[in-house]
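Participant: Below, each chain spelled out in residue letters.
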Amino acid sequence: MHAESEIREPLILGNKTYHQISEDIVRPIEGKATKQWYMLLTLATICFLWGIGCLAYTIGRGIGVWGSNNGVDWAWDITNFVWWIGIGHAGTLISAVLLLFRQKWRMAINRSAEAMTIFAVMCAAIFVTLHTGRPWLDYWLFPLPNQFGSLWVNFNSPLLWDVFAVSTYFSVSLVFWYTGLVPDFAMIRDRAVKPFAKKFYSLLSFGWGGSARHWSRFEEVSLVLAGLSTPLVFSVHSIVSMDFATSVVPGWHTTIFPPYFVAGAVFSGFAMVQTLLLIMRKVYHLENYITKKHIEYMNIVIIVTGSIVGVAYLTELFISWYSGVEYEQYAFLNRATGPYWWAYAAMMTCNVVSPQIFWIKKLRTNLAFTFFMSIIVNIGMWFERFVIIVPTLCRTFVPSTWNMYHPTFVDIGIFTGTIGMFFTFFLLFTRYFPVIAQAELKSIVKSSSQEHKEKAKQHAH
Amino acid sequence: MSNVTIHAIFDDEEPLMATARTFKSNGIRIKDVFSPFPIHGIDPVIGVPRTWIAICAFIYGLTGLSLGTLMMWYMMVHDWPTDIGGKPSFAYYMNVPAFIPISFECTVLCAAHGMAITYYLRCWLVPGAKAKNPDPRTTDDKFMMVIETKEDKKNNIESLLKNGGASEIHYK
Numbered sequence: 360m361h362a363e364s365e366i367r368e369p370l371i372l373g374n375k376t377y378h379q380i381s382e383d384i385v386r387p388i389e390g391k392a393t394k395q396w397y398m399l400l401t402l403a404t405i406c407f408l409w410g411i412g413c414l415a416y417t418i419g420r421g422i423g424v425w426g427s428n429n430g431v432d433w434a435w436d437i438t439n440f441v442w443w444i445g446i447g448h449a450g451t452l453i454s455a456v457l458l459l460f461r462q463k464w465r466m467a468i469n470r471s472a473e474a475m476t477i478f479a480v481m482c483a484a485i486f487v488t489l490h491t492g493r494p495w496l497d498y499w500l501f502p503l504p505n506q507f508g509s510l511w512v513n514f515n516s517p518l519l520w521d522v523f524a525v526s527t528y529f530s531v532s533l534v535f536w537y538t539g540l541v542p543d544f545a546m547i548r549d550r551a552v553k554p555f556a557k558k559f560y561s562l563l564s565f566g567w568g569g570s571a572r573h574w575s576r577f578e579e580v581s582l583v584l585a586g587l588s589t590p591l592v593f594s595v596h597s598i599v600s601m602d603f604a605t606s607v608v609p610g611w612h613t614t615i616f617p618p619y620f621v622a623g624a625v626f627s628g629f630a631m632v633q634t635l636l637l638i639m640r641k642v643y644h645l646e647n648y649i650t651k652k653h654i655e656y657m658n659i660v661i662i663v664t665g666s667i668v669g670v671a672y673l674t675e676l677f678i679s680w681y682s683g684v685e686y687e688q689y690a691f692l693n694r695a696t697g698p699y700w701w702a703y704a705a706m707m708t709c710n711v712v713s714p715q716i717f718w719i720k721k722l723r724t725n726l727a728f729t730f731f732m733s734i735i736v737n738i739g740m741w742f743e744r745f746v747i748i749v750p751t752l753c754r755t756f757v758p759s760t761w762n763m764y765h766p767t768f769v770d771i772g773i774f775t776g777t778i779g780m781f782f783t784f785f786l787l788f789t790r791y792f793p794v795i796a797q798a799e800l801k802s803i804v805k806s807s808s809q810e811h812k813e814k815a816k817q818h819a820h
Numbered sequence: 008m009s010n011v012t013i014h015a016i017f018d019d020e021e022p023l024m025a026t027a028r029t030f031k032s033n034g035i036r037i038k039d040v041f042s043p044f045p046i047h048g049i050d051p052v053i054g055v056p057r058t059w060i061a062i063c064a065f066i067y068g069l070t071g072l073s074l075g076t077l078m079m080w081y082m083m084v085h086d087w088p089t090d091i092g093g094k095p096s097f098a099y100y101m102n103v104p105a106f107i108p109i110s111f112e113c114t115v116l117c118a119a120h121g122m123a124i125t126y127y128l129r130c131w132l133v134p135g136a137k138a139k140n141p142d143p144r145t146t147d148d149k150f151m152m153v154i155e156t157k158e159d160k161k162n163n164i165e166s167l168l169k170n171g172g173a174s175e176i177h178y179k
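Top to bottom, those sequences are chains A and B.
Just add 359 to the spot in the first sequence (first one is 1) and you have our numbering.
Just add 7 to the spot in the second sequence (first one is 1) and you have our numbering.
Careful: at least some of the hints might be erroneous.
For the chain A half of the interface with chain B, some residues (derived, Cβ under 7 Å), not all of them [as the list claims (entries may be wrong)]:
id, residue
1, 524
2, 568
3, 572
4, 591
5, 593
Here are the simulated lysine to any residue pairs, SDA-like style, with alpha carbons at most 20 Å apart [what the hints assert, rightly or not]:
id, chain 1, residue 1, chain 2, residue 2
6, A, 558, B, 137
7, B, 137, A, 538
8, A, 558, B, 136
9, A, 553, A, 816
10, B, 139, A, 559
11, A, 558, B, 50
12, A, 816, A, 386
13, A, 553, B, 143
14, A, 557, B, 11
15, A, 557, B, 144
16, A, 553, B, 137
Calculated directly from the structure, the hints in this document are not laboratory data.
Remember, it's a predicted structure, so these values are computed and weren't measured experimentally.
For glycine and all other residues, C-beta sits at the position ideal for the given N, C-alpha and C.
Based on the provided sequences and hints, a complete structural model is requested.
Facilitator: Okay, structure coming up:
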């Protein structure tokens, strides 16, 4: 059994028995949905539907309805794609990397973080499929024999690497998430009274019974999937960054991009996890499981990754000066002082300066402040991608092509739509799926719960 | 003599483990254990061998790597070699750095999905499968030991179970 020092802070508060954990996790599913839930769902669905409308409009009229133009040919589409994909990375980091490092605090948050990953990657996928201009021909991205002679896709191109990386990432994350869900669905199935719920969860639980042989395989599968997902998550964002880094555009053509993008992804992902969990723990009364300590741990990850991002920004500036290449120097001067200086300033403030406030313990354990900061970081990381893409493209080699970028209502509508879709799916997830991996959590009751720790302390004296 | 199946319910995992150890030293075979979460260390006691699933994953990964390599060699080098940006694809080894990302993705794709499919089929966890636990409480907070034995050993086992702290004993 896993042994843990009694002076380490407990991960489960209150006197929880196995049965009480089941009760607490199942309550939002078996109980009636609150008025706030319906209100939030309505709001999210309206945004989602508006997004679908804008999406249909784009498909009908072509991407000319976006603000992208001849110089700035990538804009909000790729900004949003990278932003969403980055958010997804925290889920995999929590469930895979923290599993390999045997971090038990992951157990309270991995399920919802993985759900976040899946929904975020779905949002990201909308932008990449749409930005090709003719999404009905997107199957050309796959290596299929086609009617134009045996011309194949170009395996030298990072854009194709992206197709393989993102689809592998999505499908592997989905399998990892579902494999963990099966025992929890079985728990809900076994206590369901309503016939429809019984049938629904029977179908989802695949007949799981919890026999020792199955648990042994389950644990091995989880471990190996974590081992596979860890390099996968690093590869995905590295490849996304290579979409930029392998080009010859000044400001993009840098070797620092892969590690810098991965750190930024984890940074923004953890911020989104905070945003979601701080609301969820309150609404579903999960304060005993997602404790202040969990929030603090995540804030520490935010300081670390935020500082890596900060160092990367400064390194970029230094290298552009040190390189002596005037195009490279201009690209960065333009970012900081050009027409989009405000976006650069927002990025620097939100991503470099603000996470440093978390060095103060009082603030990183303050929930309201953490929530505020998580929103700031989300905004800052959106601006980071915007700064990389738009200011760079609006001032390229030929001054006659220089022009500004203005988003249209369609750009804003599709982005709002993906936020709506993300929250619609997440709200449905919290209502019908077990939001905490209860089977895993039960395995640490004897080592990490408050009750056990107090007993151990008394025993020691 | 007729066979009998004993379902013994425990309220906690430690008494179940202790009883399982006594059974092992007495040479009584435990058919299976059902628990709400994995009980670490029980596999050698009740004779569950170490699973081969990780080795399967490795083999699936190698298969994925080979298929990915074959695909890229066939499409880029053999079937239609193209000269992209002055970097011709005349031989696989010349272009191999550009092929690394997709080789890796193919490896992971096949390893993860191959292993997951093996796991679901091997445990027969499929949509519509009947619940495998004999008692629904074992996914919540109860632990069940299943023993198959002959009628004459029944009383001996029952007393061992009661001493071990079993809260309920059922015969099937």
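Participant: Look at each hint and say if it fits the structure.
Facilitator: Evaluation of the provided hints:
Look at residue 524/A: its Cβ gets to within about 5 Å of chain B, closer than 7 Å, so that hint holds up. Here the hint on residue 568/A is kept, as its CB sits about 3 Å from the closest CB of chain B, short of 7 Å. Taking 7 Å as the C-beta contact cut-off toward chain B, the hint placing residue 572/A at the interface holds, the least distance being around 5 Å. Among the interface hints, the one on residue 591/A holds; its C-beta lies about 5 Å from the nearest C-beta in chain B, closer than the 7 Å criterion.
Against a cut-off of 7 Å between C-beta atoms, the interface hint on residue 593/A is violated, since the closest Cβ of chain B lies about 10 Å away. Of the supplied pair hints, the one linking residue 558/A and residue 137/B holds, its CA atoms being roughly 11 Å apart against a limit of 20 Å. Between residue 137/B and residue 538/A, the direct Cα distance comes to roughly 17 Å. Compliance with the 20 Å bound is thereby established for this hinted pair. For the suggested pair residue 558/A and residue 136/B, the alpha carbons sit about 11 Å apart, so the restraint of at most 20 Å is met.
Restraint check: the Cα-Cα separation between residue 553/A and residue 816/A comes to about 44 Å, which exceeds 20 Å; the hinted pair is violated. Proposed proximity of residue 139/B and residue 559/A is supported: the alpha carbons are some 17 Å apart, at most 20 Å. The straight-line distance between the Cα atoms of residue 558/A and residue 50/B is roughly 32 Å, outside the 20 Å bound, and the hint therefore fails. With a C-alpha separation of about 32 Å, the suggested pair residue 816/A and residue 386/A falls outside the 20 Å cut-off, and the hint is violated.
Taking the CA atoms of residue 553/A and residue 143/B, the gap is about 15 Å. The hint holds against a cut of 20 Å. Of the supplied pair hints, the one linking residue 557/A and residue 11/B is violated, its CA atoms being roughly 31 Å apart against a limit of 20 Å. A threshold of 20 Å between alpha carbons decides the hint, and for residue 557/A with residue 144/B the separation of about 15 Å falls inside it, so the pair holds. At most 20 Å may separate the alpha-carbon atoms for a hinted pair to count; residue 553/A and residue 137/B meet this at roughly 18 Å.
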